[in-house]
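Participant: One letter stands for each residue in the lines below.
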Amino acid sequence: MSIHGLIYKGIDQVKGPLVIMRGVPGAAYEEVVRIYSEDGREWFGQVLEAGRDKIVIQVLGDTEGLDSNVMVRFTGTTLKIPVSDEMLGRVFNGAGEPIDGGPKIRADDIRDINGAPINPAKRDYPDEFIETGLSAIDGMLSLVRGQKLPIFSEAGLPHNEVAAQVARQAVVPGKAERFSIVFAAIGLKYDDVLYFRRQFEEFGALSRSILFLNLANDPVIERITTPRVALTAAEYLAFDLGMDVLVIITDMTNYCEALRELSSAREEVPSRKGYPGYMYSDLASIYERAGRIIGRPGSITFMPILTMPGGDLTHPIPDLTGYITEGQIFLDLDLHNRGIYPPINVLPSLSRLMKDGIGPGKTREDHKEVSDQLYAAYSQGTKARELVQIVGEAGLSPREKLYLEFARRFEREFVAQGFRERRSIEETLEIAWDILSILPEAELTRISEKTISKYHPKRRAAARVE
Amino acid sequence: MSELIYEKKGVIVHIKGPVVIAEGMRGARIREVVYVGDERLIGEIVRIEGDKAIIQVYEPTGGVKSGEPVERTGEPLSAELGPGLLGQVLDGLGRPLEVIAEEAGGPFITRGIKALTLPRDKKWHFTPLKRVGDEVVSGDVLGTVPEGSIIHKIMLPPTIEKAKILEIVPEGDYTIEEPIAIVEHIGGKEEIRMYHKWPVRTPRPFKEKLAPVELLVTGQRVIDTFFPIVKGGTSAVPGGFGTGKTVTLHQISKWADADVVVYVGCGERGNEMTDLLHTFPKLVDPKSGRPLLERSVLIANTSNMPVPAREASIFMGITYAEYYRDMGLHVVLTADSTSRWAEALRELSSRLEEIPSERGYPAYLPDYIASFYERAGRIKVSGDRDELGSVAVIGAVSPSGGDLNEPVTQHTMRYVGAFWALDKDLAFKRHFPSINWLRSFSKYTSGLKNWWIDNTGHDMMAYRDKAMDLLQRASSLEEVARVVGEAALSDENRLVLLSAELIKEGFLVQNAYHEVDTYCSPKKQALLLKTLLEFYDRTRPMIDAGVPISRIAEMRSLGALRRLKFIPEEEFEDAVKEALAQLESEISSLLAEVR
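If you read the sequences in order, they're chains A and B. Taking my numbering, the leading residue of the first sequence gets 10, the next gets one more, and so forth. Taking my numbering, the leading residue of the second sequence gets 8, the next gets one more, and so forth.
Bound-form chain B, shown alone (with noise of 0.2 Å):
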């Protein structure tokens, strides 16, 4: 018996830049995975006209001729899911990286490689937790295997509703490609491994979505205190270049209290994800005890790699993080960064002759953003299970010549529940993080205040609002001074400016590279700048009693506080009481000269 299939082979008959163009493709499929030409070059199908399939192509295809052909798949591009994901440094494609420089021999990456994404050899150690005869539903645990820091669940996949188990292999080490379970649903018996593959461009299922409500601390004082971000929560951080974009996010995806990192280099500099790959493993995860690099996935698709691929790596990432999201596990996805991604589908488009809108970006930008930040959040995971996951996403804009009023800036402000302007005044001074107090914001504050008071035992939101309400004044201040000077003002409004410049240089400025200031826990944050506000407090009533601010300006105390932060942990509670001890010292001793 046979049956009619459709021609699985087609012809290039054009060929500009990314863009392919192959006849004889009648039935393929939009976002269908195609190799093209001779050397089978990596593709995906954007348009169907009749039997032509616009193709495009994600390596690079210089010397591809007319009359090459073009292979079908039949699958749209997918991620690998299984156990070997830890600890993987992919490309935008998700082909490990190594694999890539073994099948190129050599240090360059050249084109048409084939490379899976997980490692085939390998054992696993599998536990199972079903027995046969069982009934289970898509997102029930099969079973487990230790999989660097975390347990690595293997779930029913999406694509089977439910089903009996017939078979399960007893307690053992497989490979991914081995079965370790046959099951019967209604489309007949089938065979389950430790790894499925998902179509990236399609969001992962679950039951419900909830409302974030838990602090995901990244141990950034001016992120944690001022503009939080919440477990399942969304972030953007725009700033023009030297703002610091890249040390945020290298921060949070070493410091962020997370079960798994997906790090997306998009677009971005090759010598940042050598950065990445020479600290991370060298980093310990606090929480694991274990090199970070165990929790972490790494997708590289620097900018000098193909444009194309640029696109797809976002999607890659978000479906890994989805996927040990649907385990209970809670995900911070950092991509740096989303303009290089935007840059790319403008690209894209100015090629399929699409008719352009804001500065040459396809009317569709907006969705696109929004695809992305939507996959983002707090939720109940698919399956017979009470268990929560979430994937909160960290996206790093790069607005040109750094105007934040730039189509991708605007569009990702409209998606984010926080954000973080970095501000190149503040950068060229080397306050950073540069994140700008009056220009950012997070949506998150209001409900994070019993969690500070449960975790920290402070009201960090009410010290927050005091920090604040200072910062702003000060800000006013600051313009009045320009114009006529800071001895102009009166005593009394330079030491809200003397209070306001000790919040920043003790509280916003963090030095990443110092040993103990680059992280600063919960706790520490708090009683910090509690401690600092003080200072505002305590000196006060000194100008009405008639010190002069330089006095206030000059005391040795002020030294002490401003370099507070940089006392370790355990330490530090007495540094604080020895800190105000002095002050309080220092202020008697100036009262009593007026006096």
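Bound conformation, chain A alone (with noise of 0.2 Å):
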């Protein structure tokens, strides 16, 4: 039996955001209610568990006046959203309600906002370069087509930038068309949703965009529903209408803050620092809503960022986002506070897709030589820098001296470069053999001789003389 429109009057006790009641037999399972108070006050609610004798509902938005004389109307339905072309250009709440003062949507479709899982055997791999511009991405940590790959960031650092700058740059080469950008904002203050939409309106992306905004007073209990919502919307326009679409969600940390919140108001025993065990699956239903299928032409690329809770890259949330996500690209304070922008540290960084995505017909046939050499000699060269602190630059042997100065030459000329500067992957890789270039040749161990031979400045010129 279903009780699909039947309203009910009254309410056993409020907790948090759960409300609980008895009596109420054939409730679904994460069934969608509506509450109305006798002022006319409304809130919108979820079924948590779903007992012949008990059902346990969470409220989405603030309970505040909630009274045991509301009434509760069941819809008979899950979390759906409408989807449809016309949410370009538009600007939606946590919840898909339009709140840039337009029309509502016409919808295309409805759709359930948790989406179901790819099955596996319908994957697409990913396998096509992205060129953002940027030589540190490009050159080390190459972003394809459908990836997953999270800025691990910290508070105060330029994340904001690097994602919109990745936003403003990123094509694939040889495709005409830009990406279209999915942008969902979890609880985030409004200047930074500002600067985000102004970069966007100053590049002409916003008619391809969609914004879903989560501010930092919005409900928290909405935080949870935004970035579903989000990627519902994203892959109707990548796997319906065939869209390349790019999805940046800022601040994941904001979202797993809300997860805990919320089971601890469930009184659910708790995993590590207070986040609930079942984190990883709930983080892996959305990061995994990436990617492509085969057979459609779209793809979601997909770019959440999160700040690191002091710094520490083993604090759970960007554990397990590492886990589940296809690398990572980790900003760094030092790099910062050192003027270096964008403050990519690419030791901690990777990109898991990067082998597939690049070589000869992609990008170029030395590149994957070259960075596997610029990680083992940046590392040689931080390794250098630490004894400095130690024994001063006087003790160093003057093989550890040598790479001192690359790891220099390294931040100041291959990662680091303007907020408008874009670098083509030709460009990206003619700087890193010219810093390569210091080092003697027999220190190239990752390079064979025949691609040393071909692309080595020194060999170049040798050949022009002759």
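None of these hints come from the bench; they were simulated from the model. Note that the Cβ used here is the ideal one computed from N, Cα and C, for glycine as well. Some hints could be false.
[Unchecked claim] Pairwise CB distance ranges, derived in the manner of DEER restraints:
| id | chain 1 | residue 1 | chain 2 | residue 2 | range |
| --- | --- | --- | --- | --- | --- |
| 1 | B | E561 | A | R431 | 37 to 47 Å |
| 2 | B | E600 | A | F428 | 49 to 59 Å |
| 3 | A | K410 | B | E600 | 16 to 26 Å |
Please dock the two separately framed chains into a single complex, following the hints provided.
Facilitator: Following this line, the structure appears as structure tokens:
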């Protein structure tokens, strides 16, 4: 028996965001309910526990003013939003309702915000290089179409700028069409939102963007729905309409805090640092919605931003994220303080899908070897830098001094670039060779003799002389 | 005549996530499979209280209402075992993903899909090996069918202890549903088909467990030489994200000299499974010359697929592995990642409101981990035949925060024979595989001395000890150098660092994506390590003769030695000779200079 459409009067208990009702058989798990008070206020909720004798409802939004006399209407459906290409250029809240004063969306379809898992056998493997124009990313952490690559940042670092620059510059070489952008703000300050809005406006992307905003003073509980609503819209654009969609969600740390708050209200057994034990699976149900599907032209490339509490990479939020996403872009406070933009520390950064997105026909045949060599050499250089702190530069061997210089030039010339500077992959690789050439050839162990003879600046100079 | 049967249907009274409570379930058994609700979602009974059954549901339960029915099947969660498993890509419940896609009518996995593991319409060429009147015992081979790269043995199922063959079909093509024999046993007559079902949580029987002694060649130098695993052995690969767990497991699945590989992707990334699905059909098994996919069973229960099915997927996988083992084959099972499996257990335990132990995991976590690894082993197969089979189990562990002291890593360590500790610092340097040589172990090394001598003609374990000694010395010297700087060390000590660096770069670092370097045969491994060790032996006297270390470090032959690993097998011996000759001539000219 369904109780679809029935209205019950009176609830038994309110506990934080949870409402408990007894004697309401037939409620469905995850069913959406609407709650009305006698003075005309309205809430929105979802069934968390559906029992014959007792049901638990999670109320979305502020529960202030709820009393035991409210009326509860069961809608018979789970949380769904209308989707349509009319959403492009519009602004919505975390529940998917327009907040830009414009008309309601005429739905092409109604979709469950939880989506459904993509069948792994129907995924198309992401292997198309996206040129972001940022050397540190293109050269060392190449992004591919359909990848999920988060930015691990800290409060005060320019993650918004990096994300905006990627959104502005990203192209798939050889493809005329630009990325559509789905942007979701979770618990953000209004000026951060304004920044993104102005950026999108400035580079003319507003008409191909959808914005979902849950601001710092919006209901905490809607932070749970915001990324799901945004990805539901993104899936429609990508897999129904065939668009390449870049999804930027910021800040996932606020999402996880909301999850913890909710879990604690439900009196669940906590795991590390009070976060629920299912946070890994919960995050996976969001991140894994990125990708490509066989036989469908579109894609979802996903760049979530999270701020690591205390800059700690082992904190549960970046830790669990790193286990799900296909790499991470790590922003570093130390580089930032030394005035390097973008402050990307490539050593703890990684792109897992890079190997298949680069090489001959995609970027250049020497790309993989060059990036491996840059990693190895930069790592030596940072080791030498640590040593300087202890023994002073005079205590270094000539080889260590060379690597120290390498690290300095790598950061100043390769990583650092302007906010409006867009480098092609060729330019990026040329800079790389230029700084690698300060090392003796015997040190270039990650590069084959063949590649060295073709690309090494000294060899090319010698070839020109001959 | 009628007999009293228990109620086959119950009624849902409570739903909370994947846990559903149903009433009217008297007679239901623990671990019985049930169909839940109007959509008939697959579930398993995990607890019984009076006539109430507590069910874990393997599919999302959104929209399920109290009052909907629960239907019992009377059977525990079972695997279908028979020809047609190899080359399959299944979900955690044994449903082929392709069939799911057809049934769902799209690329997204919908609910309530029923799909059988083995194809029912495919005909297999059966050749009988027994005749009418033969007495057979469980495990005896009734006949064979060719499947992929192996000969699939159709065995008398373990459920029939002893029987007499009344009828057996002649050689020909049959589907798995057609009876191929009729046997008579204590319980009466029974038709035998080419497949049977086996409960996944029950280990399959065998005659005797033997000590594992044969190297499982993985072609990965740091593993085979330094921390080997054997056929029938166990190993764990713990490492934080980005340290290369998955690549290591993929490499082993590709290159291990096993007959059958079962890969369980348990709670991991969707694109990693896609990667396997893309590469396995293209890669060729060097032994059989056929696509790798034909010797593999892939189980994909990715992180966004229902959590309870993760728990089932590992047992499903090990049951498939045991089945092929029973044919006298060598099987490797890789599970990525056992931590996600343990987390699924934790989640369920918390929903059942059990008292948590360490970090929220249930107190029975160690038993669960043991029950999985203990199903590995090298065994004498059942039946009247003298054959050996083995299952090696390699499990990735994803410790939270990269901390190896967390419960899953710690409990796993107690049950495995080899432990490959992946290291974040090595990974940051792009030193892959990032297996830390000071923190890893293998209990199998001592038993493999003779294997190496017999198979390569080299006393590899002696080379290993020598190399380990160099690496250990280098590691403590590095500690010192971190304080005083490398320049302050004596030339003698700096040569140790240089030689250890050569072993790291030239031997331990192996590029999984390099055409040649991705696989290194035991023979090549032995010769390579021997050659690299010679560098230290030959340059050591130069220090006493007064050649400065900086000149030794500049020798061009050092570069050649570092790159030796990239030389293909056929040209390898010549390249080694050439590199050593170059080294020798450089040494002589440097010595001549100081004289």
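Participant: Does each hint hold? Answer for all of them.
Facilitator: Status of each hint after checking the structure:
The given range of 37 to 47 Å is respected by E561(B) and R431(A), whose C-beta atoms sit roughly 41 Å from each other. Here the CB-CB span from E600(B) to F428(A) is close to 54 Å, well matched to the stated 49 to 59 Å. A hinted range of 16 to 26 Å holds for the C-beta pair K410(A) and E600(B), which are about 24 Å apart.
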